[in-house]
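Model the placement of chain B on the given structure of chain A, informed by the hints.
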Amino acid sequence: MYGKKVKLRFLFLASIIAAVIFTVFLILQSLKENVVYFQSPSEIKSLIELDKKKIRIGGMVKEQSVFINSNEVNFIITDFKNEINVIYSGAVPNLFAEGKGVVAEGFLKDKNYLLATKILAKHDENYMPPEVKKAIGDK
Amino acid sequence: MFANQIGYYSLILGLLISVLLCGVSIKDFNSNSKQISQNILSLSFLQLFFVIISFLSLILSFINSDFSNETVFNNSHTTKPLFYKISGTWGNHEGSLLLWLLVLTLFIFVFLIKSKEQPKKYRILTLLFQEVIIIGFFLFVLVTSNPFNYLFPIPTEGLGLNPILQDPALAIHPPILYLGYVGTSIIFSSSLAAVTQNYVSKEWGQHIKKWVLVSWVFLTIGIMLGSIWAYYELGWGGFWFWDPVENVSLMPWLTLTALIHCILVLERRGTLTSWVVILSITTFTLSMCGTFLVRSGILNSVHTFANDPARGIFILIFLFILIILSLGVFFLFHKENNKNSNNFFWLSRETSILVNNWFMMFFLSVILIGTVYPIFLDVISAEKISVGPPFYQKLIVPFLIPFLLFMSLGPRLKWIKSKIENKNSLIITFIISVILTFFIIKNLTSDLLFYTLLVSAAFFLFFTTLKELFIKKSNNISQSVAHFGFSLLILSILFNSILSSEIITNIKIGEKYIFSKGEIFFKKIEKSEESNFNSIIAYFEIKNENGKIIELNPEIRVYNQPEVITSEADIKTTLLEDKFLVMNLVKGNEYFNIRYQVKPFMIWIWISVLLLSLGGLMSLFKKKYEQ
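These protein sequence lines are chains A and B, in that order.
All residue numbers in the first sequence are consecutive under our numbering, ending with 139.
All residue numbers in the second sequence are consecutive under our numbering, ending with 627.
Chain A on its own, in the form it takes in the complex:
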């Protein structure tokens, strides 16, 4: 009924569409698994169920809360309403200091403890991560 060329074209088109759908599916699937959500200490406190996924918590490092021994760094992240204790063993960034903005990435042990796998602080001292800005609101 149709010529060979038309059939070939059709096949070609179909395979392209299939490939595109497959790609989109793959990307979305993997996005779902690898996205890290950002939350503030207050949002954590109001959680009903603990999330097992990796999360980011942002806020300020509480004054007088940094405690270091030979294999751990402990500190408290605060958004001036609620606090979260962070336990971290790893490299601390340059601008990590008490009273400065910080973002900790890791897994929640319970509603009060975060086992951090990464700590982020930006390079500029005037800079506040947008997450932190959002977390501490108008303050």
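Fair warning: there could be bad hints in the mix.
Stated by the list, open to error - Each computed BS3-like pair below joins lysine-lysine, with the alpha-carbon atoms no more than 30 Å apart:
(1) B:K419 with A:K4
(2) B:K414 with A:K118
(3) A:K7 with B:K414
(4) A:K54 with B:K394
(5) B:K572 with B:K517
(6) A:K5 with B:K335
(7) B:K508 with B:K548
(8) B:K419 with B:K467
(9) B:K579 with B:K543
(10) B:K572 with A:K32
These are computed hints drawn from the structure, not numbers from a lab.
The following block gives chain B in isolation, referenced to the frame of chain A:
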């Protein structure tokens, strides 16, 4: 003082010349003469001249620390070394845009000189499209980001340049990267001009290929410089973090790489015309998007100089105008040129290049979605998320296996119709690669099957290109060098990531930390004072398994203007591995937080990128495409 005014007024003169240039070009376009009028060349030179004057006067203001200039005040300081005063010129938003403009006007001038044998109308149209971009940037600079704003009363001291930008690699990173970014504007303008003139042909392919190669080489080296800087300055001990700012430079690189390959098809066979034009438009759009995302403050990084929404909106509107213009031109004028019939056999050089392009498009969409999705989600739902390295690695790394295999076979195919020759030697090479890989990595990783496949695919490409280079005396050396560089790059990255080891600990002065492969001894610290910073230099002795001791001296610097603390890693580089040590001090604690890394084959990553660019350069200087 004077420099300020000279700079400002030459910018305005430059803008006037550009408008005049448009008028003269349109008049010349309708005239009957065979060659373009000399006036156009002179005006285009004048336009370049005024931008150069303006740029030089900004540099002069920086050298003289003329704080009556707002840009200088915001980004410079009298105690800064001369070299960084000069590089500070483009280390800020206003100055870097002036540099964009400089490269734009420079490239169109070079284009006019270098395209004498091309049709007149095509050249004028390219100039006109380029002038649209140039005038847009003139307005952008003058209206939203004037580098010559006057300050009164004149401050006595400037605010200083962010110390982590005071670095030799980063001083030359922006100019090189811009040469690549802006080079794509010429490809964009000329492909639109060629579409309008129905000139997307073999001849055009041959002519525009040079510009594609130039942009590609600069972009490659520019990205590498940024990456080297991130490696030793940021102290994270890696060279690529899938940070949005890195991604936006990688995206035009991917489309440009795809373009290089299908320009070859256009040059030889005269087909794939629409695809070449679409890629040209996409590449430039991505370069502009990169500038928009980075400069508007949507992405936060060292590149974001100021968060002025007016600037973001200006670039966004400008971007939309360019996209609509280019799509309009494409759909109105483009005619599929079926003269050369796009029939080719499924097993041919053309198909293999198409396969390359498909992979590039896949990598592009992964990176694009990973970069844009968080921004998109933030805008529509105010939800903050981040997409981390696992996303990219999971989607890109497995696809490298077929990509590398195709890359080893593709260049061996002939145009139009081909069959695979020397099957036996290929199979033998492949078996050798698999066995070699298996024995190298069998004790190194848990995911043996996956890594064996991946590394042997890389080795396969490595051996086939090596053979072409040395044994067969391939007639297309530039391609072999570039592909060889790529295989070396993948191999170095793979072994680097498999074999890297890291120790992170907190340590006091005089303490010893013992780990499975040796020990770290923190001997002492010394303090020193420089003109613009104070530093704490630490002395570490690291003993490895064989009892060999090396000394590493990482540094913590406290800059005075602006007051910023940075860590300077100390790296001992050998051909086999880098030893990397960085430390941080947490205020009020006697513990130093140190990170010690052994990173194998680090230097080979840079060498292979240089080889890759060398391949591009060789292709550029090749007289004519070999038969």
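Would you check the hint for B:K419 and B:K467, treating anything up to 30 Å between C-alpha atoms as holding? 19 Å, holds
Restraint status (C-alpha distance of B:K508 to B:K548 at most 30 Å): 23 Å, holds
What's the verdict on A:K5 and B:K335, does the C-alpha distance respect the 30 Å limit or exceed it? Holds, because 21 Å separates the two Cα atoms, which is no more than 30 Å.
Verify the proposed pairing of B:K579 with B:K543, using a straight-line Cα cut of 30 Å. 12 Å, holds
Check the hint pairing B:K572 with B:K517 against an upper bound of 30 Å on the C-alpha distance. 18 Å, holds
Check whether the Cα positions of B:K572 and A:K32 lie no farther apart than 30 Å. 40 Å, violated
30 Å limit on alpha-carbon distance, applied to hinted pair A:K7 and B:K414: Given that 30 Å is the threshold and the Cα spacing comes to 26 Å, the pair holds.
Given the hinted pair B:K414 and A:K118, is their Cα-Cα distance within 30 Å? At roughly 51 Å apart (the allowed maximum being 30 Å), A:K118 and B:K414 break the hint.
For A:K54 and B:K394, compute the direct alpha-carbon distance and say whether it is at most 30 Å. 17 Å, holds
Between the alpha carbons of B:K419 and A:K4, is the straight-line distance 30 Å or under? Cα-Cα ~23 Å, so holds.
Violated hints, listed in ascending order, are 2 and 10; each of the other numbered hints is respected by the structure.
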